[in-house]
Amino acid sequence: MNVSPPGDFASPTDAPARGNLPSYPPASHPRLDADFAAGVFALGATSVATQVLVLRECLSVFYGNELVIGIILANWMLLTAAGSWLGRVSRRWEMADGTLAFILFILPILPPSTLAAVRLLRNIVFTAGAMAGMNEIILSTFILLIPYCLLSGFTFTFISWRAWTRSGENLIRKVYGWEALGSMAGGIVFSLILVFILKPFQSLGIFALFDFGVALWILVRRGRTGSAAILALPSTALVCLLLFGGLDDLTARELFKGQEMLLYEETPYGTLGVTSQSDQNNLFENNVLLSTSNDVPSAEEAVHYAMSQHPNPHRVLVISGGMSGLVPEILKYQVDRIDDVELNPSIVDIGRRFIPVPADNRFSVIAGDARRYVATAASSYDVVLINLPEPGTAQLNRYYTEEFFESLKKLLTNGGVVSTSLISSEDYMSAESRQTHSVLLNTLRSVFRHAVIVPGMRDYFLASDGDLSVAVASLVRERGIATTYVNDNYLDDGLLKDRSDTILRSLDKGAPVNRDFDPASYYRQLLYWLSQFREKPWVFIGAGVVLLALLSVRMNAITFGVFAGGFAGSAVEIVLIIAFQIVYGYVYIATGIMVTIFMGGLALGAWQNGRSRRGTSVGKFIALESAVGACALFIPLLLAGLVEVSRHLFIVQAGFALILLVISFLVGEEFAEGSKLAKGSVAAIASDLYGVDLVGSAIGALLVSTLLIPLIGMSTVCFITAALSFAGAVVTAVRRKAYAVVL
Amino acid sequence: MKLMNDVVLSKREFMRTCLFAAGGCMLGLERLNALGGIPGPGILPAASDDDLWKWSKEGLFYVKTDGGVLCQKCPHGCLLAAGEVGKCRNRVNRDGKMYSIAYGNPCAVHIDPIEKKPLFHFLPSTRAYSIAAAGCNLRCLNCQNWQISQFSPRETSNFDLMPEKVVEECLANRCESIAYTYSEPTTFYEYAFDTAAIARKNKIRNVWKSGGYINEEPLRHLCKVIDAANIDLKSFDNDVYWKLNEATLDPVLRTLRVFKEEKVWLEITNLVIPGWTDDLAMIRRMCEWLVKNNLDECPLHFSRFTPMYKLNQLPITPVSVLEQARRIAFDSGMHYAYIGNVPGHEGENTYCHACKKLLLERRGFTILTSNMAKGTCRFCGAAIPGVWS
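So the sequence lines, in the order shown, correspond to chains A and B.
Position one of the first sequence corresponds to residue 20 (our numbering), numbered consecutively onward.
Position one of the second sequence corresponds to residue 3 (our numbering), numbered consecutively onward.
One chain only, chain A, in its complex shape:
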């Protein structure tokens, strides 16, 4: 229950006597030594790039949904927290001034090693071509992240401690501030520049170059030019290997054993791979097959089920899938225009190079977010074909909501038809499929007069205000469309109707409607995905609960406050990013900017706290906790207002940026204030606060995105976040006497 375990000050030799502990307010504003500032800046920058790259790699190699993202982030934060806790031993070591430099030499070697391990071991440790199980994902990402996260967490505490021993001041807030600043800078450089021009190993080469540079500079500054000269050569060699060694293609080839890899490209929206096998080209997005040069039945189902419903389809909107062989099928009708909206512009470029796409001036590709396009388009359409994966993530859920279908309806001509699909449950509807199907059908029926399900290789949901029929074979015959698969030879309309009726009968009419800010689909899709694994991760859930219980018992008013702050920070960040995508559409750069604003706000908060001449007080900490809570309470109001002003781009962006900046500023300052209030050795404070901040963020990220938003909606998530922060304020208020500063 103590902040610092007994024995923290056991030896009078390894720490100044208690009487020497710094008292506040400080006489002056001590600065963090330049080499510590540079070191922790480099740590922040490298960590943010590593996190993004390893996350992307794991998502593409394992599976990309909110739960897997949450697991990886939780492992990341947990291990970094553990590393910061291990950093406490640094106060027992008599370390030379050059230790930080040596850490900075080792640090940048770890991310490329982790990345290479993910790719090379993918098909050795796990079954080739098969999705890894839940337990495997949890365990393997945990093991993969151990080296980097432990070292980076360790370094934070180490620097905080060394800064104190050198200056006699508690400079945790400065260390925190510089780390946040480094994260912000690293984030900007990586997500706004490097990702567009370099491959992952090359990007890591740039960060390695920076880290090595800082390390050499520290060594030279500390007069250890000999060590610097010796280390300069291998570090230059490593940077060259990362930048020019072709490691990206070399390791990517291992992911597609047995296929000839024609291309493997990182795009801001995901990894695209093109392989060739025999006479067939395959286009993969995040290792999942997106399209094949020769898959006629899928293309026919995606097009003719919907197109044949309309007596005279002239204008067709395709939402993703122009590269999946849909266009030749659409052109079998007398169409005037086909618009294909693709989120990832690279898919179009790469697809055109490797997958035959007919050159027809009626077909045009619009690069951008379909949600945004539909909200602003001036055109009207007879048929809309949505060819997207299941609503398994918050991002994809946006295309399955009532609001989206309502805006689609505005583009539809009289009797226009919309088609969307889910994984087929042709032979049997499990409880999980029933839920995913029920929500989608209810959502469509809340907007359109008619909605039917045509079962096939996927289950197609057709919706329209006009009449719809499941007898697609007859419709195609009547329209005189020549097809290979969607016809009387392969589909018996009577049997199709029976199967469709069986599905409809089994659905739950009381299932909720999927809404933007109350997303009912993606949690259900997650449950469906989870039902594939017989082995449930109870061991890990149990371990998590035990860890959390241990942590709660050890928490005090200050650490609880910082924990709540970490939770609030990541919860609000996630809510705002998802809300922004809903209102404005997914824009890669916008997401990058939002993350940058968040990191910048943290740094600014910590920095401002360091400059503040008002000194420290429990009252201020309580005020900050309450302010974080108030901010969280304000967000539902913002969300409600957003829908009204969604057409005014500037207001939307400014609103989001401002609230994000304010809350991250408060969280940053709260951390800084907490670091001054907390009792114990600097090493213990640094590891405790950094640790609970990370654990709070991890829980926020995992719980909010996977469970809370889909179950209780975004507004309630904000209320809970606020409640947690207010609870922190109440606890601190109750315990305020314990933290009264003795001047």
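Simulated from the structure, these hints should not be mistaken for laboratory data.
Just so you know, nobody snuck in bad clues.
To spell it out: a stretch of chain A is covered by chain B in this simulated footprint if at least three of its residues, at any positions, have a beta carbon under 8 Å from a beta carbon of chain B; those stretches are: (1) 296-302; (2) 507-513; (3) 548-560.
In this text, a Cβ means the ideal position worked out from N, Cα and C, and glycines have one as well.
With chain A's structure known, arrange chain B on it following the hints.
For chain B alone, coordinates are given in the frame of chain A:
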């Protein structure tokens, strides 16, 4: 050493702090309940208790041992101690007896064209009343029906359809056959056997769609009531069988031979999965073995793989690979080889094994042209193996 101004949170304060968070979780839990949903009409809710139920029946083919009951249905040979459930998830040891808990409770009931099984030489263009109970003795990474095969009947929503009722429904829907399919009929053996016996009396044929992982004695017993079988020969490599399906090759090969000996009409399906079962040398060995074991008259279907269930990071099988496999089959001496899951491909057609002329021009379940008369080739008069009426 304890610090003077240690800050300790009392248990009560901690509880109070957690109250807010707990409140939030409660909100979540309340919504969680809504996810169960209500089953549709005719569908029974999944049960979870361990007791025997209406759909339990003492199983065939087991022996009692000191360690429990030893199931002899399939080569896994599960030894079930009291209360234990077999690998197939629907065989249990209760009171020292082995029971099937999948008797009369199919979770999937549909009418399918017989070509969908696939059976191309068995009553073409007829319909099969198809049933399946949950459970399977294999663990295929690419299972199309994982939602029923990898679960127990206690976890699925089931129909109440005892054998007599299945036959009644089949007759009412004017289906020529009953197919035991989708999951793995070996695991609902007793239900399938009793249904098939009643069907026979009503002049309805019985079709067995299976992975063929079954012991010889139950298989020979089964052959008394089964008219046609389509067996998945998932690969011709024991190692691949183990990794891909958690089974072994030899018992499946024995199943093929027994069906042939017992004169049950047999067709074989080989799913060609890129990187797993697309080794053409292996396919050649498989075809040569089939010919050597007098199975050359059994139609062999090379089926196209699409990413499915856990095997979702692979490409679709290139058509040219299926074409090569088919050519290898013909070269090895197989009389009838087909390509499945590639609509419109000429590999769906039937060509006379003797004169090589087009006998049946087939698209899905539709025969566009027929050059057969009474089971013989109109051109050369050769008898075409199969059950044609």
